[in-house]
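Undergrad: In case you want the letters, here they are:
Protein chains: 2
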Amino acid sequence: MGRGVFQTHMERTLIANLGPRVGEKVLIAGWMHNFRRLSKFGFLLLRDASGIAQIVVEKDQLDSLAAIQDESVLQVEGLVVAEKNAASGYEIHQPVITIISPVTEAVPFPINKAVFNVNLDTFLDNATFGLRHPDRKATFALSAALMAAFRSHLNENGFTEVTTPKIVASATESGANVFALDYFHRKAFLAQSPQFYKQIMVGVFERVFEVAPVFRAEPHSTARHLNEYVSLDVEFGFIRDHRDVMEVLGGLIRAMLKYLQTHNQRELEQLKVRMPLAPEKFPSIYFPDAQKVILERYGEDCSHEPDLSPQHERWLGEWALQEYQSDYLFVTGYPMAKRPFYTHPNPADPRYANGFDLLFRGIELVTGGQRLHRYEDYVQALQQRGLPLEPFEGYLETFRFGMPPHGGFAIGLERFLMQLLGVSNLRETTLFPRDMDRLTP
Amino acid sequence: MGRGVFQTHMERTLIANLGPRVGEKVLIAGWMHNFRRLSKFGFLLLRDASGIAQIVVEKDQLDSLAAIQDESVLQVEGLVVAEKNAASGYEIHQPVITIISPVTEAVPFPINKAVFNVNLDTFLDNATFGLRHPDRKATFALSAALMAAFRSHLNENGFTEVTTPKIVASATESGANVFALDYFHRKAFLAQSPQFYKQIMVGVFERVFEVAPVFRAEPHSTARHLNEYVSLDVEFGFIRDHRDVMEVLGGLIRAMLKYLQTHNQRELEQLKVRMPLAPEKFPSIYFPDAQKVILERYGEDCSHEPDLSPQHERWLGEWALQEYQSDYLFVTGYPMAKRPFYTHPNPADPRYANGFDLLFRGIELVTGGQRLHRYEDYVQALQQRGLPLEPFEGYLETFRFGMPPHGGFAIGLERFLMQLLGVSNLRETTLFPRDMDRLTP
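So the sequence lines, in the order shown, correspond to chains A and B.
For the first sequence, numbering that gives the first Met the number 0 assigns the number 0 to the initial residue and increments by one for each residue that follows.
For the second sequence, numbering that gives the first Met the number 0 assigns the number 0 to the initial residue and increments by one for each residue that follows.
No wet-lab data here; the hints were simulated from the structure.
Built from N, CA and C at the ideal position, the CB exists for glycine as well.
A few of these clues could be false.
From chain B, some residues computed to sit far from chain A (all C-beta separations above 12 Å) [as the list claims (entries may be wrong)]:
| no. | residue |
| --- | --- |
| 1 | 11 |
| 2 | 21 |
| 3 | 36 |
| 4 | 118 |
| 5 | 151 |
| 6 | 160 |
| 7 | 374 |
Stretches of chain A that chain B covers, calculated by requiring three or more beta carbons in the stretch to come under 8 Å of a beta carbon on chain B [as the list claims (entries may be wrong)]:
| no. | segment |
| --- | --- |
| 8 | 266–275 |
| 9 | 283–292 |
| 10 | 355–362 |
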């Protein structure tokens with residue numbers, strides 16, 4: 000039983016592929032997930048990227064494995080035997096075990112128990128280790144699948160992926176809540192969103208998307224905000240109004256859910272995911288009507304507020320589920336006062352926006368809408384808000400040279416996953432979260 | 000001839016799809032690419048995301064179009080007629096033209112001429128407009144295709160996509176050349192690479208990749224460096240040594256080129272791309288041997304230098320093309336002195352690294368290799384370089400809890416495209432480049 004680097008004099012078999020190899024000798028490799036040492040033999044669980052296999056360790060091997068701890072990396076050659084009492088249905092017998100990387104200290108917390116009950120801060124402090132937990136692994140496999148599903152659906156529908164700069168000369172939407180940095184003795188900022196660039200790229204490709212980090216210097220500490228997250232951005236031209244944007248978004252969300260059901264049944268079952276109710280057409284309610292529902296159904300008069308509170312969103316989510324059997328609800332026509340300057344107003348009532356939020360199980364998942372597309376409308380919108388033109392000049396040039404009516408939206412990847420899994424904190428769906436207090440690991 | 004937003008009382012047809020519609024009335028929409036006004040009629044070229052169509056404008060329509068300039072956004076209903084003298088083979092007759100967004104000023108430079116000859120700085124200053132040039136559009140369609148090809152090949156080979164933080168507490172590889180920012184009154188940095196995080200994630204998924212921006216505060220101004228670029232990162236475990244990494248990389252590059260040939264013939268032809276010679280196995284040369292080739296063939300003795308200069312790389316590229324009919328060349332075994340601390344040395348001669356650069360047409364495209372995987376080796380490597388352990392603790396924890404032999408690499412997306420297209424400046428393959436002097440648009 001040697002110690003060394005990974006040697007492959009025979010081909011490695013992934014644990015998920017042991018089934019067809021019953022009766023054969025195989026080589027598997029992975030992490031020591033658990034080792035139950037009995038007096039005459041032992042059961043060693045080996046975990047690789049694909050699954051967990053049980054290995055029957057023989058008595059004369061116990062001594063040489065006495066000192067190593069969970070998470071040691073091992074290579075095991077042995078015979079595949081069908082064994083209905085093993086979790087996977089198979090066992091490895093007559094193992095020859097090579098220790099590739101021994102672990103000699105106790106792990107920070109167990110990741111091999113049926114119930115994983117670790118305080119979130121402890122988990123996050125040790126995320127580099129804790130992410131190896133099979134449930135965390137499944138969580139981030141779903142995160143990867145959501146990105147793949149997003150791109151796949153958009154590519155099939157004529158969208159082109161773009162990559163736009165994250166270091167920018169001026170704040171995207173307002174001067175507040177941006178991170179500043181020293182850029183060769185000039186002041187620069189981290190992009191709050193690719194908003195301006197994705198609009199510019201509509202002038203090139205008509206339909207674009209981007210998957211990239213965005214940075215928000217908001218000094219709040221909540222379970223549903225982080226200071227860096229992945230934004231799934233979409234923008235496209237030649238629309239009638241925001242309703243075309245909503246239709247594309249609805250189709251996209253349904254396609255993403257379908258992708259998970261097609262490709263990720265294992266993770267969905269492992270995490271006991273309750274798949275969302277996503278009807279062919281998501282219900283939609285106009286902002287003032289939403290306020291009426293809140294008054295009539297929940298007794299709170301919020302008719303003079305320009306926005307919805309988290310509690311209002313939860314109530315509306317509950318209402319949509321009951322009335323429309325939908326976990327998704329569009330709220331349209333928010334007051335212009337709370338929307339950014341590039342928002343297109345409702346031509347029939349310019350106090351309200353041609354925009355929307357999409358609530359998912361009572362939390363805002365997406366913001367989107369139609370944008371202004373005429374240069375003179377931008378000049379007017381900036382003037383009305385008392386904003387100077389100069390910082391926006393590069394962006395505004397786009398509109399001097401012909402832009403079609405267009406719109407788009409941004410989905411928060413981690414929030415989508417949070418609501419899909421029904422977990423209560425965005426930090427559980429972010430590999431290495433960044434908040435006011437957390438900058439490591 | 001009205002002016003308004005985009006109205007679709009009939010379905011819009013993309014210009015690329017006009018062929019099967021000969022003899023029918025269609026609605027097309029896009030930008031006025033060119034308008035040749037003659038006395039009795041006019042030829043208007045309309046450009047959409049898919050192509051360019053010629054429209055025969057009638058005499059009585061000329062007046063109402065007299066004031067609008069190139070890049071105006073138009074909607075045109077008309078009859079599709081086969082016309083072999085039109086570039087696409089089709090024309091639109093009897094047009095009804097609606098001006099959606101009129102342009103009333105001259106464009107910064109023409110983007111509708113056969114030869115596009117604009118000074119690079121002028122182009123970049125006006126990139127929000129200039130990117131609409133059909134050749135620029137084709138360039139960035141290829142950029143999107145390279146990303147799609149990268150992901151597609153890796154997904155098919157068991158790799159999982161990860162998204163790791165770009166705001167980090169300590170510099171990735173060295174203290175130099177990082178952008179600093181104020182993070183809620185603490186000092187933080189922009190990630191130079193996802194190196195530490197992708198290694199950590201090997202402990203979770205075994206095989207991972209990431210497509211994300213990286214930030215380098217290097218104060219140099221060259222045609223082949225930028226301060227922000229897109230890094231295509233790969234890392235995976237259970238390797239024998241760097242040769243397994245080279246094999247995966249070679250397969251990936253060939254798959255990416257094949258993807259372009261399958262999906263992007265139009266852009267490759269439009270840009271007259273000379274597809275690279277990429278043999279089944281890329282040639283490889285050991286660093287000291289590369290120095291010998293340079294001496295014997297080019298007469299320069301660089302045997303005491305720890306690295307290759309750009310001129311050395313060009314010579315080696317030339318040599319590989321002549322000797323092996325390959326546009327790609329691996330150089331392995333660089334001296335450890337110039338490699339980062341996590342580099343795995345060659346066990347047979349620890350002065351040299353188990354790592355490589357991949358040259359593409361004489362320019363470094365990829366750096367990669369085997370990494371250390373034992374905690375005690377990291378401690379020793381940091382001590383030898385006089386670096387403190389403390390800033391790396393979160394990262395080093397991974398190696399205390401069992402890591403397999405692993406390695407990986409990073410491909411510069413923009414550089415791949417630069418060498419593929421044979422352009423001389425990375426700024427031509429970056430949508431909105433960031434360099435010491437350029438922070439806008």
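Undergrad: Tell me, which hint numbers fail for this structure?
TA: Result: hints 1, 5, 6, 7, 8, 9 and 10 break, sorted rising.
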